[in-house]
Structure formats: C-alpha cells, structure tokens
Amino acid sequence: MFENSDGGVRIELRELTKRYPGQTAPAVDAVSLDVPAGELVVFVGPSGCGKTTTMKMINRLIEPTSGEIRIGDEDVLRMRPDDLRRHVGYVIQQIGLFPHLTIAQNVGVVPKLLGWSKAKINDRVDELLGLVGLDAADFRSRYPRQLSGGQQQRVGVARALAADPPVMLMDEPFGATDPITREHLQNEFLRLQRELRKTIIFVTHDFEEAIKLGDRIAVLREGSHIAQYDRPARILSAPADDYVAGFIGTAGTLKRLALITVEEARTAGDGPEGTAGLPEVEATATLREALDAMVAHGTEEVAAVSGDVRHRLTYQDICQAINSESREVEPSGG
Amino acid sequence: MVADTLPVTGGVGDTGAPRRGRARVLFRHLGTPIAIAAALGVLYLWVHGLKLDSIERRTLNYTYMHDRVIEHFKLTLIASVIIVVIAIPLGVVVSRPRARWVSPVILGLSNLGQAIPSIGVLVLLTIKFGVGFKIAMIGLVAYGVLPVLRNTMVGIQQVDPALVEAARGMGMTRLQVLLSVELRLAVPVILAGLRTALVLTVGVATLATFVNAGGLGDMIVNGIKLSRHPVLITGGVLTCCIAFLVDWLGSLAEDVLRPRGLS
Ligand SMILES: Nc1ncnc2c1ncn2[C@@H]1O[C@H](COP(=O)(O)OP(=O)(O)OP(=O)(O)O)[C@@H](O)[C@H]1O
Ligand SMILES: [Mg+2]
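So the protein sequences, as listed, match chains X and D. All letters in the first sequence, in the order written, are residues 1 to 334 by the UniProt record's numbering. All letters in the second sequence, in the order written, are residues 1 to 263 by the UniProt record's numbering.
Simulated from the structure, these hints should not be mistaken for laboratory data. Positions of the beta carbon are idealized from the N, C-alpha and C atoms, including for glycine. Careful, some of the hints might be misleading.
Mimicking SDA-like on lysine to any residue, the simulated pairs with C-alpha atoms at most 20 Å apart in a straight line are [what the hints assert, rightly or not]: (1) X/K112 with D/Q176; (2) X/K255 with X/A245; (3) X/K112 with D/E182; (4) X/K112 with D/S180.
Distance windows between CB atoms, simulated [unchecked claim]: (5) D/L262 with X/Y315: 53 to 61 Å; (6) D/F133 with X/S141: 33 to 41 Å; (7) X/Q316 with D/L262: 55 to 63 Å; (8) X/P21 with D/L112: 33 to 41 Å; (9) X/K112 with D/S103: 29 to 37 Å; (10) D/P89 with X/S148: 37 to 45 Å; (11) X/S148 with D/F133: 51 to 59 Å.
Using the sequences provided together with the hints, build the complete structure.
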C-alpha cells in the first residue's frame, strides 16, 4: 500500500465536503489542497472551523459527503477503511494510550494488526522508543499511568510511527502539555521529522506552533475554507487578507524571531572573542531563544555554541537578521 | 450510576505502595475464609452441645444438610451461568451507540427490579406456572440479570471515547475494539455487577423452598414452622456462609481479572 513508503507520499484533497446531518452549512466546504510528499502542513484556524473534520476524513473516521482524497496514487475512498488506517499514523489530542496495555503493547498495536512476528514487533518497539527519546529497557513494560504527560505524548507519537506509515495525521498532539514540555516535544519532533520526512497533517490552535513546525501553513476559516496556504515566512510577511493578518496578531515581527536560527543570523565578523562569561545558547536555537537569554541575563550579547565553536551574537545582529529576512521575502509577495 | 453497585474492594489505593498493598490484599483475601471457618466451627460446637429432639435430628444431620447445601449451590450456580449468558451479551448490545436510547430504560428497570420484593415475584410466577426447579430458576435469573446487564452497559459506556477513537483510528475492526478495548476495560465494572448479582442470588435462592425447589430455605422455613430454633439458625448461618464465600470468590476474581495497569 502507498508506493514509495520510504519517506512520505503526497496527499491531495479535491472539493472535499462534509455536511453533518441536520446542519444547513457544511462543516467542511469544498476544500482542495495539495500536501507535497515529505512536508508537514499545519492547519490553524479558530475553534469549530472544521480542522478536525477535514483531518478525520483523510483516515475516514468521518465519511466525506462528497469530494476526493488521494494518498500517493491511491483513491482513499475506494480503500477498506481498516486497511487504510493501518497505513496512516494517527495521533489525537487526548493521546489515547490504552491503560490496560504496557507501553510496548501500545506501540505494537498496529504492527500486531498487520500480522508482524513477535520478534519483529519487539525490535521495532525498542527502536521507536529510542527514536522518541525513551529508554526502552526502562519503559517497555510500564503502564501508561506510570508515565508523565510528556512521556505519554512521546509514546503516542511512537505508536503512530510504528508501522512506518508514509502519512501521519496529528490532531493537536502536544495540546495537553505545559508550555515547557510542549516546546521540548516540538523540538524533538522537528528533529525526528527532519530525519523521517513523513507527509504530515498537523492540527493546532497555536499559531506559534504552526510557524515553528510547519513547512507550510493552511490558515482556515469557517467551513474549512482556506484563507491562505503558504510557507510560514510568507504568511508572516505577506498575509493574504485582514483575516490572516488578524490571526497572526500584532506580534508578527516577534514571531519571525522563531523562524530564524542563531546560526543563520550570525554575521561573518563575530568570532569567538569576548564570549567568555556570556550566557550560552545553542547555534541551532532560534533568535527568540537568544533574545530570551539576553533578557533573562540583562545583557545585549550571548555566546552561540556549536560543539567547540563559539561566536558572539549581539542584539544588533538580531535586529539586522529580522529586517533583512523581511526584505528578502517581501518583494516576491502579493 | 456505577458507584452504587461497586463494592468497596478494588476501588481505591491498593496501588500506592506495592508491597504494603499486596500484604493488605492478601490479608483481605484471608479474612473472609477465616471468618467463615470460625462461624461454621462455632455453629458445629453449639449444635453438638445441644440435646436435639427427633424432629431436629431429622434435619440437623450430615446427609440432610449436605443435600440442602448442594441444592442451594446448584440453584445459585446454574442461575449464575444463565445470568452471565443472557446479561453480558445483552449489555454489549445495548451499549452500542445506536441503542443508546435503551440505557435509561435499563437503568430504570434495574432500580425498579431491586425495589420489587423477590417473594412477590416468586408467588406471581407460581400462580401463573406452578412450582418446581424451573420456576425457581426463572425467578433467580430475573433478579440477577438486571445488575449484570446494567453494569455491562455502564462499564462499556464509561470507556473513554478517545480510546475507542484511537483504536478505530489505528485500524482495529469494530469487533477488535469491542473485545480488546471496550470489554477489557469494562471488566472491573462487569465483575462488580456479577458479584452483586451472585450474592443476591444466594439470598433469593432461600425462597426456592416456596416453589418446592429445595435449598437451604427448607431448613429455615421448617425451623420457623416447627419453632425449632437450632434448625432455623443453622439454615441461616449456612446461607450466610455461602453468601460470604461467593462474595469472597467474587473479590478474588476481581483482583485476578482486573486488567493490570488500571489504577
Ligand atoms: N459529529 C458531529 N455532528 C454534527 N456536527 C459536528 C460533528 N462534529 C463536528 N461538528 C461541527 O462541525 C464543525 C467543525 O468541527 P470540527 O471538530 O472539525 O472543528 P475544529 O476546527 O476541529 O475545532 P476545534 O479547534 O475546537 O477542535 C463545528 O461547527 C462542529 O460543531
Ligand atoms: Mg478539533
């Protein structure tokens, strides 16, 4: 199923519509959208705009009223729903780990449904727990209630990845965690996705999360109408209309900070001189984190650290990076 | 809804400190059989010390009591099997989303059922169908089905819908979701209902004597009719002991069958 499952495959929605019985306006109204293979697309939009409904039609937990869905070259509406779902990873906000199964059994659910051998499932479980940063030896035989919220989220992601599906659907997967855990999970998830290159549809309320994780963002309004579908930087710098601009809020510039890494902002001249004693940030951190560090320590400089290499990053560097970034983007906007 | 049928055991806190918890569980499981043995011992010594007249001797002997106890067990056991076979599948059926409208009916009926005196039901059945083992069985089953049916339904309905969605979303078939998620998670509630029903059945089975179906009710009623207190008391104590024994077995089953990982 789904050719080319090394990495992701493309998802196409054509005129996808869902009308719940007894409702006049469709919850999802003729949505058409292409998600390129290996990209993470974030659906953002106000509550009730149809994000979940759109997503659940893709694995047919909700049957579309009309329209087409293709994953790779396959017509999803022609497949047997249970088969389809075994090949589409699914993470829900409530995590939904089975309390009566161990972590290993939870992660092994789909492989077991697919009839893998015990040994193969065991190996895969260990591999996946490692992948999401949990020590397999320690966690395998625990039960979900013996895990923290953040650890459960990781298991939820591992479980969705178990049979190596080319496509993942994630409905507010980090929604139920505190901000610090959430940021941590996002970072790890990004690292994972860079490696795995799945095709992912990711639903969130949180625009910051969308900017941070999305290769593209679809800003939705009532009825799942697409207000804008573009790369995060473009949405920030060239919102299509007032609705999108309103969604971004007034802090557009600040949010752009989260898009640029310290490494990208570094100016050629700044070497390791004078970095001793400065607060340190990782070179892969975002400018927002660098700015956080500056504010926290009351300085205007930080040391960007990447292994043994250090260099100085100043407040001016950050301002410059932000402004040049928007200059780069704006001329092509429209 | 659930709380009023859930017995106190197995509910709270035997997970906190595993070692102490286990000791406590063991202690709880030892307590009942010891108490039963003690009660039977005291009863034996007391009856042994009495000067029995010929009427009393006709019932207070090994063969007679053995037969009544066996009859009583038979009534209870067969009724239980029928109860399980009827109530659990029915509970599953009425827990399906499409049958949601039935659940208030079931809840109402099961509350009503507990309020109707069992002797009345037996009398009505007798007037209509006569006497015998079958009639007793119908009465017992009618009584026991409701708590098990209700708890099966409630037990499945209280399973977190997010779990069912997760299971469906991963590609489990409806049957797989029912068997390996919903029923598994409903086990503690179903067992609690079953335990209630069984203890109830042991008690109600004493009324089988009124439809000529034997059991320990014979001793109790004879004891009353002939004002032979030792007979009455022996019958009563034996019934109580069986009830406690059944309850004890129920608590064992709850601890053994409760899915690990549930708090
Ligand atoms: N099963 C259902 N039956 C009828 N209407 C529904 C059903 N599920 C959702 N809706 C309606 O469809 C619309 C879209 O719902 P949906 O759950 O997709 O929103 P959402 O964008 O995911 O919202 P949120 O951000 O709050 O999760 C809402 O108006 C909701 O009331
Ligand atoms: Mg939603």
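Now the hints, each set against the structure:
For the suggested pair X/K112 and D/Q176, the alpha carbons sit about 12 Å apart, so the restraint of at most 20 Å is met. For the given pair, X/K255 sits about 13 Å from X/A245 by alpha-carbon distance, which is consistent with the 20 Å threshold. Annotation: proposed proximity of X/K112 to D/E182 holds, straight-line Cα distance about 18 Å (limit 20 Å). Proposed proximity of X/K112 and D/S180 is supported: the alpha carbons are some 13 Å apart, at most 20 Å.
One distance hint, 53 to 61 Å for the beta-carbon pair D/L262 and X/Y315, holds here, with the actual separation near 54 Å. Separation of D/F133 from X/S141 is about 50 Å and departs from the stated range, judged on CB atoms against 33 to 41 Å. At roughly 58 Å, the beta carbons of X/Q316 and D/L262 sit within the given window of 55 to 63 Å. As the Cβ distance of X/P21 to D/L112 is approximately 35 Å, the hint placing it in 33 to 41 Å holds.
The hint said 29 to 37 Å for the Cβ distance between X/K112 and D/S103, and at roughly 32 Å that hint holds. At roughly 39 Å, the beta-carbon separation of D/P89 and X/S148 lies within the given 37 to 45 Å, and the hint holds. At about 58 Å, the CB distance of X/S148 to D/F133 agrees with the hint of 51 to 59 Å.
When the structure is compared with the earlier hints, a violation turns up for hint 6 alone.
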